[in-house]
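Same order as they appear, the protein sequences are chains A and B. Going by the numbering used here, the residue at position 11 of the first sequence is 11; the numbering climbs one at a time, nothing skipped. Going by the numbering used here, the residue at position 115 of the second sequence is 115; the numbering climbs one at a time, nothing skipped.
Derived by calculation from the structure, the hints in this document are not laboratory data. All of these numbers come straight from a predicted model, not from anything done at the bench. Accuracy of the hints is not assured; some may be wrong.
[To be verified] Label-pair restraints from in silico Cβ distances: (1) B:T5 to A:K57: 43 to 53 Å; (2) B:D18 to A:T20: 14 to 24 Å; (3) B:F113 to A:D38: 16 to 26 Å; (4) B:S53 to A:T77: 34 to 44 Å; (5) B:D55 to A:T5: 26 to 36 Å; (6) A:G40 to B:T20: 36 to 46 Å; (7) A:G16 to B:S71: 35 to 45 Å; (8) B:S53 to A:Q41: 39 to 49 Å; (9) B:S53 to A:G2: 22 to 32 Å; (10) A:N26 to B:K3: 25 to 35 Å; (11) A:T86 to B:P40: 20 to 30 Å; (12) B:E56 to A:D59: 27 to 37 Å; (13) A:G95 to B:E10: 38 to 48 Å.
[Stated by the list, open to error] Calculated from the model, a selection of chain B residues having no Cβ within reach of chain A, i.e. all distances over 10 Å: (14) I11; (15) S42; (16) S95.
[As the list claims (entries may be wrong)] With the C-beta cut set under 8 Å, the calculated list includes, among others, these residues of chain B facing chain A: (17) F35; (18) P41; (19) E44; (20) L45; (21) F47; (22) R50; (23) A88; (24) F91; (25) F102; (26) F106; (27) A108; (28) G109.
Beta carbons: idealized from backbone N, C-alpha and C, even for Gly.
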Amino acid sequence: DGGITQSPKYLFRKEGQNVTLSCEQNLNHDAMYWYRQDPGQGLRLIYYSQIVNDFQKGDIAEGYSVSREKKESFPLTVTSAQKNPTAFYLCASRGTWGYTFGSGTRLTVV
Amino acid sequence: AQKVTQAQTEISVVEKEDVTLDCVYETRDTTYYLFWYKQPPSGELVFLIRRNSFDEQNEISGRYSWNFQKSTSSFNFTITASQVVDSAVYFCALSEAYTGGFKTIFGAGTRLFVKA
Numbered sequence: 001d002g003g004i005t006q007s008p009k010y011l012f013r014k015e016g017q018n019v020t021l022s023c024e025q026n027l028n029h030d031a032m033y034w035y036r037q038d039p040g041q042g043l044r045l046i047y048y049s050q051i052v053n054d055f056q057k058g059d060i061a062e063g064y065s066v067s068r069e070k071k072e073s074f075p076l077t078v079t080s081a082q083k084n085p086t087a088f089y090l091c092a093s094r095g096t097w098g099y100t101f102g103s104g105t106r107l108t109v110v
Numbered sequence: 001a002q003k004v005t006q007a008q009t010e011i012s013v014v015e016k017e018d019v020t021l022d023c024v025y026e027t028r029d030t031t032y033y034l035f036w037y038k039q040p041p042s043g044e045l046v047f048l049i050r051r052n053s054f055d056e057q058n059e060i061s062g063r064y065s066w067n068f069q070k071s072t073s074s075f076n077f078t079i080t081a082s083q084v085v086d087s088a089v090y091f092c093a094l095s096e097a098y099t100g101g102f103k104t105i106f107g108a109g110t111r112l113f114v115k116a
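Isolated chain B (complex conformation) (with noise of 0.2 Å):
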């Protein structure tokens, strides 16, 4: 079956730290894709990465991290020197392709809180 677990409801840090939110999946698919989401105060989802199960190297984008793991079946999200406007709802999310189009499900969404 497919599954999302977004096992941290909610992660306070204090701005500089590092923070790591935690994304583990379920697929029978061997082809699929990874997504992390934001969703800031305002309501909209903001994307940030894609990653298709092939392709395991981890990524950097500036602050941002992602590490893909098929061993474990996670992607989990690092925030490098974590800041006031990282404070929002971030979602992992599977996506998986069927016959007519793609079939995606969200895990629960880790709040996250970056005090000053």
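Next comes chain A alone, as it looks inside the complex (with noise of 0.2 Å):
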């Protein structure tokens, strides 16, 4: 089945870290898209990529950085410069019909 695989589900980070979400789609989408979501708000753009090694600010992108070597990945790294990581992220792809998106990764600052 087509779709996005975000892992892992979960993730914990200490201060001062760096981690990587990753982001895998099979859709054969060009575009794709992470999005961060803090509760009682809607989704608001980190990054995007519409196409294989080009990649975009989106309206959050401080203290994040992204990669787009290939079609189907779109990893996202939060660095320790972000002030306030712990949010849910969800990766999405763009197709004909509207975005697709994964199942999201929730991170924790400990």
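Dock the two chains into a complex; use the hints.
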């Protein structure tokens, strides 16, 4: 079945550490996105990529980095520069009819 | 400016009641897309519907219906005879085309509680 796989589902990070969230899709979609969701808020765009080897900052890119070396993969690194990383992170790809979302990664800083 | 407003933060209904979730949007484009997504407690977002700006026909899919009115910039979502399984957060989204792709913003979401 085609879809998006995010891993891990839950992630705990110590302050000062970088962590990488995985996002893989087998939908053959060119565009991929990372969103952050905080309680009571909508989805805010962190980074997006329209094509391999290219990506753009979204509305809240500070403290995050991404890469897009393969069409299928769009990993997100939460760096130590991100002051408040505890949140729910959703990866998505975009096809003709809109987004397909992964099941999300819940990141908690301990 | 592009904006999506879901004024209802939380709605609580009893099973079998009808419920309408409001969505008001702002855009300067004449060509745009509107979406509704459902986010159950498990976290993933499930696509419900897409509408383009030139198609104002209302749509019904089972117990779900959508009312798109350009005159009031609204795209409301009604669940008829609600069920406990409808409990989720529902997001409305607006997507505009720009050079190189689409820009999409989401409303803050409406949390729906359906009590048995």
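Cross-check of the supplied hints:
{"no.": "1", "hint": "B:T5 to A:K57: 43 to 53 Å", "verdict": "violated, 25 Å"}
{"no.": "2", "hint": "B:D18 to A:T20: 14 to 24 Å", "verdict": "violated, 45 Å"}
{"no.": "3", "hint": "B:F113 to A:D38: 16 to 26 Å", "verdict": "holds, 20 Å"}
{"no.": "4", "hint": "B:S53 to A:T77: 34 to 44 Å", "verdict": "holds, 37 Å"}
{"no.": "5", "hint": "B:D55 to A:T5: 26 to 36 Å", "verdict": "holds, 33 Å"}
{"no.": "6", "hint": "A:G40 to B:T20: 36 to 46 Å", "verdict": "violated, 21 Å"}
{"no.": "7", "hint": "A:G16 to B:S71: 35 to 45 Å", "verdict": "violated, 53 Å"}
{"no.": "8", "hint": "B:S53 to A:Q41: 39 to 49 Å", "verdict": "violated, 26 Å"}
{"no.": "9", "hint": "B:S53 to A:G2: 22 to 32 Å", "verdict": "holds, 28 Å"}
{"no.": "10", "hint": "A:N26 to B:K3: 25 to 35 Å", "verdict": "holds, 34 Å"}
{"no.": "11", "hint": "A:T86 to B:P40: 20 to 30 Å", "verdict": "holds, 22 Å"}
{"no.": "12", "hint": "B:E56 to A:D59: 27 to 37 Å", "verdict": "holds, 30 Å"}
{"no.": "13", "hint": "A:G95 to B:E10: 38 to 48 Å", "verdict": "violated, 31 Å"}
{"no.": "14", "hint": "I11", "verdict": "holds, 14 Å"}
{"no.": "15", "hint": "S42", "verdict": "violated, 7 Å"}
{"no.": "16", "hint": "S95", "verdict": "violated, 8 Å"}
{"no.": "17", "hint": "F35", "verdict": "holds, 5 Å"}
{"no.": "18", "hint": "P41", "verdict": "violated, 11 Å"}
{"no.": "19", "hint": "E44", "verdict": "holds, 4 Å"}
{"no.": "20", "hint": "L45", "verdict": "holds, 4 Å"}
{"no.": "21", "hint": "F47", "verdict": "holds, 6 Å"}
{"no.": "22", "hint": "R50", "verdict": "holds, 5 Å"}
{"no.": "23", "hint": "A88", "verdict": "violated, 13 Å"}
{"no.": "24", "hint": "F91", "verdict": "holds, 6 Å"}
{"no.": "25", "hint": "F102", "verdict": "holds, 7 Å"}
{"no.": "26", "hint": "F106", "verdict": "holds, 4 Å"}
{"no.": "27", "hint": "A108", "verdict": "holds, 4 Å"}
{"no.": "28", "hint": "G109", "verdict": "holds, 6 Å"}
Going through the hint list in order, the structure does not satisfy hints 1, 2, 6, 7, 8, 13, 15, 16, 18, 23.
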